[in-house]
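J.: Sequence:
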Amino acid sequence: MKTNNYVEDLRKKSAAELNDELVAAKKELFNLRFQNATNQLDNTSRIKEVRKNIARIQTVISSQKAAN
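Mapping of the sequence shown onto the numbering used here: position 29 corresponds to residue 29, and the numbering continues sequentially without gaps.
One thing to keep in mind: the hints can contain errors.
[Unchecked claim] Ranges between beta-carbon positions, derived for each pair:
#, residue 1, residue 2, range
1, Leu22, Ser45, 19 to 25 Å
2, Lys2, Ser63, 17 to 23 Å
3, Asn4, Asn36, 14 to 20 Å
4, Gln35, Lys13, 26 to 32 Å
These aren't lab readings, by the way, just hints derived from the structure by calculation. This one's a predicted model, so the numbers in the text were calculated from it and none came from an experiment. Where a beta carbon is used, it is the ideal one built from N, C-alpha and C, also for glycine.
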């Protein structure tokens, strides 16, 4: 249910907002990977969650492009 709300929020955003969200998610993923490599990351499942969020954002972007 939580992911459905997240996807619905993504669908309401414009292309520019989605691109900003995508960049922020990729930066977060980089930081999480860096923390994991240096053994500073406590919650390793967050990496998987961020990767899935990136995929969701990219899916919404591509579906909006296909609709236009």
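J.: Hints first: check each against the structure and report whether it holds.
T.: So, going through the hints one by one against the coordinates:
A C-beta distance of roughly 21 Å is found between Leu22 and Ser45, which places it inside the suggested range of 19 to 25 Å. In this structure, Lys2 and Ser63 meet the distance hint of 17 to 23 Å, their C-beta atoms being roughly 20 Å apart. One distance hint, 14 to 20 Å for the beta-carbon pair Asn4 and Asn36, is violated here, with the actual separation near 28 Å. Look at Gln35 against Lys13: about 28 Å separates their beta carbons, and that is inside 26 to 32 Å.
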